[in-house]
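**Student:** The listed protein sequences derive, respectively, from chains F and V. If you read the first sequence in my numbering, its first letter stands for residue 1, the second for the next number, and so on. If you read the second sequence in my numbering, its first letter stands for residue 1, the second for the next number, and so on.
I should point out that these hints are in silico values taken from the structure, not numbers from a laboratory. Some hints here could point you the wrong way.
Where chains are identical, the list cannot tell them apart; a pair therefore holds if satisfied intra-copy or between any two copies.
[Unchecked claim] With a cut-off of at most 16 Å between alpha-carbon atoms, the simulated EDC-like pairs for lysine to aspartate or glutamate come out as follows:
| id | residue 1 | residue 2 |
| --- | --- | --- |
| 1 | Lys278 | Glu295 |
| 2 | Lys278 | Glu337 |
| 3 | Lys215 | Glu57 |
| 4 | Lys278 | Asp290 |
| 5 | Lys333 | Asp72 |
| 6 | Lys149 | Asp331 |
| 7 | Lys278 | Glu178 |
There are 2 protein chains.
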Amino acid sequence: MRLSSCLALAAVLALAGTAAPLARPITLPPPRAAGDFVLVMHGGAGSYTDASPERLEPARAALTQALEAGRDILARGGSSLDAVEAAQRIMEDSGAFDAGRGAYYTREGVPEMDAAIMDGRTLAAGAVASVQHIAHPISLARMVMERTKHVLLVGAGAEEFARSQGVALVSPYYFFNERRWKSFQERQAAEEKPKASAMPAGEIYGTTGALALDKAGNLAAATTTGGTTYKMPGRVGDSPLIGAGTYANNESCAVSGTGVGEYFIRNVVAADICARVKYLHQPLEQAADDVVMKELVEQHGDGGVIALDRAGHVATPFNTHGMMHGVVRADGKITIETFKP
Amino acid sequence: MRLSSCLALAAVLALAGTAAPLARPITLPPPRAAGDFVLVMHGGAGSYTDASPERLEPARAALTQALEAGRDILARGGSSLDAVEAAQRIMEDSGAFDAGRGAYYTREGVPEMDAAIMDGRTLAAGAVASVQHIAHPISLARMVMERTKHVLLVGAGAEEFARSQGVALVSPYYFFNERRWKSFQERQAAEEKPKASAMPAGEIYGTTGALALDKAGNLAAATTTGGTTYKMPGRVGDSPLIGAGTYANNESCAVSGTGVGEYFIRNVVAADICARVKYLHQPLEQAADDVVMKELVEQHGDGGVIALDRAGHVATPFNTHGMMHGVVRADGKITIETFKP
Chain F
1 MRLSSCLALA AVLALAGTAA PLARPITLPP PRAAGDFVLV MHGGAGSYTD ASPERLEPAR
61 AALTQALEAG RDILARGGSS LDAVEAAQRI MEDSGAFDAG RGAYYTREGV PEMDAAIMDG
121 RTLAAGAVAS VQHIAHPISL ARMVMERTKH VLLVGAGAEE FARSQGVALV SPYYFFNERR
181 WKSFQERQAA EEKPKASAMP AGEIYGTTGA LALDKAGNLA AATTTGGTTY KMPGRVGDSP
241 LIGAGTYANN ESCAVSGTGV GEYFIRNVVA ADICARVKYL HQPLEQAADD VVMKELVEQH
301 GDGGVIALDR AGHVATPFNT HGMMHGVVRA DGKITIETFK P
Chain V
1 MRLSSCLALA AVLALAGTAA PLARPITLPP PRAAGDFVLV MHGGAGSYTD ASPERLEPAR
61 AALTQALEAG RDILARGGSS LDAVEAAQRI MEDSGAFDAG RGAYYTREGV PEMDAAIMDG
121 RTLAAGAVAS VQHIAHPISL ARMVMERTKH VLLVGAGAEE FARSQGVALV SPYYFFNERR
181 WKSFQERQAA EEKPKASAMP AGEIYGTTGA LALDKAGNLA AATTTGGTTY KMPGRVGDSP
241 LIGAGTYANN ESCAVSGTGV GEYFIRNVVA ADICARVKYL HQPLEQAADD VVMKELVEQH
301 GDGGVIALDR AGHVATPFNT HGMMHGVVRA DGKITIETFK P
């Protein structure tokens, strides 16, 4: 760890101050009835064949709680940014998803987590990657967005920034999770055998994502993940990369992805869906479908996305066996699905 | 440093083997006369007002040498990937740009470097970020692309991967550069004064980029950088982020950016230029101009790009005072410009 940095950082942050003002607040009129709002979330695409009720129920319960928390913020006129952050914090706390207390462990037996948040009104964005001691990576991503001039901070530097902002660094035991520990040990044992299968059957990319449209008509997106189980230390997937796994732009749409991140990076998936909406004037559902069910499928890129536009349209395509996802609107009713109808 | 990792990594790499095959080789016919090729490079946008001949001449000489090296590879039928990597290695070695031996130092007084490379034929991509002991980040990025299933490795994990591949980790003194050391000391002194200017006048974002179109009609892109002077440790800019500062796709175009990376990330600049070409059928020059001279200017996002398509069109818009850039085609003649005509 770099010892000299905290003081220097604190001094410089005082000068750097808040983020540079973005000269691009997009103020299109809200194209919906006043008072409408939408929150869409996912809890990861993948193979749910091995998923027992004992495993799925806590995930459904956590997703419900997260949707309720975000819904309540949106219902009282709160911002889409506040809603997606609050909802994601609950997912990170739950231990039921590959984020926060449920994050997979790397080959070194500890979590390395990534998160990103983006404001569709201003294009302001913040992200962190490869952090090991942060209880709520999504909130640290928001601090990067609001308290620095930067978008992405990684590793020890991101944790030094956290400390300078009064965020406590937590012990690895904070992230102890019996299922993840068992999965790590099984994978470690398998790796020691020659010709071990590289990918266990029934893996769920339990990344979590949230998109919101608030009463003012502004979109926001947030994604938080622990990456893949037994991943190489330092590997960063699509979640914290703006345009790959996370994107929000009032002019087009908001997207959060889940799946094999590398394919989402190479295809700049989130930005591509929104580019099709903006430039080809495709309906959101077609744009999301064309990317996830055609482009990604051609490349064997497993995964899915949730997408949301300013008219309140929602798309949830996935090319995997399942993707747990939920939606709530102004009527307050929560709908959660994991498989295609 | 993580001590346990190297053995585990080596074992796992043996299993992980080479990158997953990408089921997407794009085999459009080359739309140019057989035997044509193009190499375009930049050495950073910024304010060249303070740039003396003693400073600019070594940069021009290095850029010339890099263009020659890439040209020679392309002329004998080599791939665009080989050409951009070879050219960028010369830029990294030169000490005249913000990359490799010329990388700026962070607040901790050491370089933290980023690089990315992308193959427009397959969309294969590799990148590294926040590496401190790598002489040629661009070659490590290519190893990530070709020898792992991943796209982006950061920090200590990326360096462990380098070591597992037989890449020597170099001392910080390898990156000693009198000008960067002086710039670091001046900035450090300024930061200690209250109300110091956050950004010195005349700063050049000396990121370097290379794009090539080879005789087979395939595009490739590469970008390598040391980021900004006195940056926060762990800060990652647009250069290693696919779609932000680096992108190549035979179906649309190749782009490498230079400037204030955060604006390039939020606007997913490289992918957006190519999306305009692909979806709006805009000429390359118009697409690049609209993004750099309109979208970025509106947001006060300083910088520029080089862009190249499969027809051999080149665009080099920049909204800063200057951007050193050069082009060479099959006639072998090298042209280098820094300012607008």
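**Student:** In ascending order, which of the hints set out earlier in this document are inconsistent with the structure?
**Tutor:** 2, 3, 6, 7
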